[in-house]
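Engineer: Each chain, letter by letter, is given below.
There are 2 protein chains.
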Amino acid sequence: MSDLQSFQAFLYQNIPLVENMQLKLQNISEHQLSAAAPLSPNINDKFTVFGGSSSALMTICGWSLIKYHLEAHEAHHDVVIHQAKTHWTKAQSDDLIIKAKLCNEHNWEELAQKLNTRNRTTKITVKCQVYNQNHEVCSTMTGDYVVLKQQH
Amino acid sequence: MSDLQSFQAFLYQNIPLVENMQLKLQNISEHQLSAAAPLSPNINDKFTVFGGSSSALMTICGWSLIKYHLEAHEAHHDVVIHQAKTHWTKAQSDDLIIKAKLCNEHNWEELAQKLNTRNRTTKITVKCQVYNQNHEVCSTMTGDYVVLKQQH
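Note that the protein sequences, when read in sequence, are chains A and B. For the first sequence, counting from 1, position 24 maps to 7 in my numbering; every step adds exactly one. For the second sequence, counting from 1, position 55 maps to 38 in my numbering; every step adds exactly one.
Everything labelled a hint here was simulated from the structure, so no lab data went into it. Keep in mind that this is a model prediction, so the values were computed, not measured. Every residue gets a Cβ at the ideal spot worked out from N, C-alpha and C, and that includes glycine. One or more hints might be untrue.
Cβ pair distances, simulated, as ranges [said to hold, decoys possible]: (1) A/Glu54 with B/Asn10: 40 to 46 Å; (2) A/Gln15 with B/Pro24: 53 to 59 Å; (3) A/Glu119 with B/Tyr(-5): 29 to 35 Å; (4) A/Ser76 with B/His118: 36 to 42 Å; (5) A/Lys132 with B/His118: 36 to 42 Å; (6) A/Ala19 with B/Asp78: 40 to 46 Å; (7) A/Lys97 with B/Lys97: 54 to 60 Å; (8) B/Ser23 with A/Asp(-14): 41 to 47 Å; (9) B/Trp91 with A/Glu54: 48 to 54 Å; (10) A/Lys97 with B/Ala(-8): 29 to 35 Å; (11) B/Pro24 with A/Thr100: 36 to 42 Å.
Taking lysine-lysine pairs in the PhoX-like style, the calculated list, with each CA pair at most 20 Å apart, reads [claimed, not checked]: (12) A/Lys110 with A/Lys132; (13) B/Lys132 with A/Lys106; (14) A/Lys68 with A/Lys97; (15) B/Lys132 with A/Lys29; (16) B/Lys132 with A/Lys73; (17) B/Lys29 with A/Lys68; (18) A/Lys7 with A/Lys110; (19) A/Lys106 with B/Lys84; (20) A/Lys132 with B/Lys84; (21) B/Lys29 with A/Lys29; (22) B/Lys7 with B/Lys68; (23) B/Lys110 with A/Lys68; (24) B/Lys29 with A/Lys73; (25) B/Lys7 with A/Lys68; (26) B/Lys106 with A/Lys68; (27) B/Lys110 with A/Lys132; (28) B/Lys106 with A/Lys73; (29) A/Lys106 with B/Lys29; (30) A/Lys110 with B/Lys29.
Per the computed footprint, the stretches of chain A lying under chain B, defined by three or more beta-carbons under 8 Å from a beta-carbon of chain B, are [claimed, not checked]: (31) 13 to 21; (32) 26 to 39.
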């Protein structure tokens, strides 16, 4: 948990929009990350969640699930989002619960070793969802992320 | 132009993330809206544009193109994003140029009349792109927006 708090501090320091949205990382397992965000910084003119906020929150949660595990296994590669399909299915007027789940299982240790020894590029697909406080799905994003050798 | 500045003020007052991203609406025609945003509030850990910022900026520019014209024709309907496909094709390390274009032509006056007299729901598809300062496309979103009777 303290590792996840450090990771959140890294996000806040490096990606100002994540701090603006007040994303709070809550739990992480091998396959899933869960997080929360309050309505007020993410609200729109209809007093519901701004669609751009929910897509940005899902984008960073999917990215964080991958980046966190790669860093934990000393694979300091870049992770970039390549493409996504997003559906906004329900208007939401309360605080956000965000979950990011791997679409396929990955052995992070093996993957990190492969990346470090062969410098391979790999694609990881994550399904991210935003829920309201009644645990109803309000938006869903399926995103493909690319892991590649650091460019900077 | 002053109308567009009033519309931008409406966005800033109602959607805090739009102000955080420092979106500046620049020009609007029947079929296209153009805008800009600086890199610094939209940066990531790699000193390039955060993918969540570009998707949120494209989401609001597509929405603004529709909402602006409907309001101008007295159709005070809600406009909500329903689904989108997004591609991030090029890392970007300078200020953003954003363009939103209608995928099909719409006669706003006729559409507003139909919406006001029959309260029909309609779908409008917008292609939004983010360009760098060399006018290269860095990300593309094709989004379907739904126009419906006000819910609040």
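Engineer: Please go over all the hints and tell whether each is borne out by the structure.
Structural biologist: Structure-based check of all given hints:
1. Taking 40 to 46 Å as the suggested C-beta distance range, the pair A/Glu54 and B/Asn10 conforms, at roughly 43 Å.
2. A/Gln15 and B/Pro24 have their C-beta atoms about 30 Å apart, which leaves the hinted 53 to 59 Å range violated.
3. Distance hint check: the CB atoms of A/Glu119 and B/Tyr(-5) are about 30 Å apart, consistent with the given range 29 to 35 Å.
4. Separation of A/Ser76 from B/His118 is about 40 Å and conforms to the stated range, judged on CB atoms against 36 to 42 Å.
5. The given range of 36 to 42 Å is broken by A/Lys132 and B/His118, whose C-beta atoms sit roughly 28 Å from each other.
6. Range check, A/Ala19 to B/Asp78: Cβ separation about 32 Å, and the 40 to 46 Å hint is violated.
7. For the pair A/Lys97 and B/Lys97, the supplied restraint of 54 to 60 Å holds, since their beta-carbon distance comes to about 57 Å.
8. As the Cβ distance of B/Ser23 to A/Asp(-14) is approximately 28 Å, the hint placing it in 41 to 47 Å is violated.
9. A C-beta distance of roughly 50 Å is found between B/Trp91 and A/Glu54, which places it inside the suggested range of 48 to 54 Å.
10. Restraint check, A/Lys97 to B/Ala(-8): a C-beta distance of roughly 52 Å breaks the suggested window 29 to 35 Å.
11. Judged by the Cβ atoms, the range 36 to 42 Å given for B/Pro24 and A/Thr100 holds: they are separated by roughly 38 Å.
12. Proposed proximity of A/Lys110 and A/Lys132 is contradicted: the alpha carbons are some 24 Å apart, above 20 Å.
13. The suggested pairing of B/Lys132 with A/Lys106 is violated, with an alpha-carbon distance near 41 Å, which exceeds 20 Å.
14. Pair hint A/Lys68 plus A/Lys97 does not hold up; C-alpha atoms about 28 Å apart against a cutoff of 20 Å.
15. The straight-line distance between the Cα atoms of B/Lys132 and A/Lys29 is roughly 12 Å, inside the 20 Å bound, and the hint therefore holds.
16. Between B/Lys132 and A/Lys73, the direct Cα distance comes to roughly 16 Å. Compliance with the 20 Å bound is thereby established for this hinted pair.
17. Distance restraint check for B/Lys29 and A/Lys68: the Cα-Cα separation of roughly 24 Å exceeds the 20 Å cut-off, and the hinted pair is therefore not satisfied.
18. Of the pairs offered as hints, the one joining A/Lys7 and A/Lys110 holds, with about 19 Å between alpha carbons and a cut-off of 20 Å not exceeded.
19. Restraint check for A/Lys106 and B/Lys84: not satisfied, since their Cα atoms lie roughly 31 Å apart, outside the 20 Å limit.
20. Taking the CA atoms of A/Lys132 and B/Lys84, the gap is near 35 Å; set against the 20 Å cutoff, the hint is violated.
21. The straight-line distance between the Cα atoms of B/Lys29 and A/Lys29 is roughly 34 Å, outside the 20 Å bound, and the hint therefore fails.
22. Annotation: proposed proximity of B/Lys7 to B/Lys68 is violated, straight-line Cα distance about 24 Å (limit 20 Å).
23. Restraint check: the Cα-Cα separation between B/Lys110 and A/Lys68 comes to about 14 Å, which is no more than 20 Å; the hinted pair holds.
24. Between B/Lys29 and A/Lys73, the direct Cα distance comes to roughly 33 Å. Violation of the 20 Å bound is thereby established for this hinted pair.
25. The hinted pair formed by B/Lys7 and A/Lys68 fails the criterion: a straight-line CA distance of about 26 Å is larger than 20 Å.
26. With a C-alpha separation of about 18 Å, the suggested pair B/Lys106 and A/Lys68 falls inside the 20 Å cut-off, and the hint holds.
27. The straight-line distance between the Cα atoms of B/Lys110 and A/Lys132 is roughly 31 Å, outside the 20 Å bound, and the hint therefore fails.
28. Between B/Lys106 and A/Lys73 the CA atoms are separated by roughly 16 Å; this keeps the pair inside 20 Å, and the hint holds.
29. Distance check on the hinted pair: A/Lys106 and B/Lys29 sit about 19 Å apart at the alpha-carbon level, within 20 Å; holds.
30. The suggested pairing of A/Lys110 with B/Lys29 is violated, with an alpha-carbon distance near 23 Å, which exceeds 20 Å.
31. Counting residues of the stretch 13 to 21 of chain A whose CB falls under 8 Å from any CB of chain B gives 0; the rule of at least 3 is not met.
32. Coverage of the stretch 26 to 39 of chain A by chain B holds in this model, with 11 residues showing a Cβ closer than 8 Å to a Cβ of that chain against a need of three.
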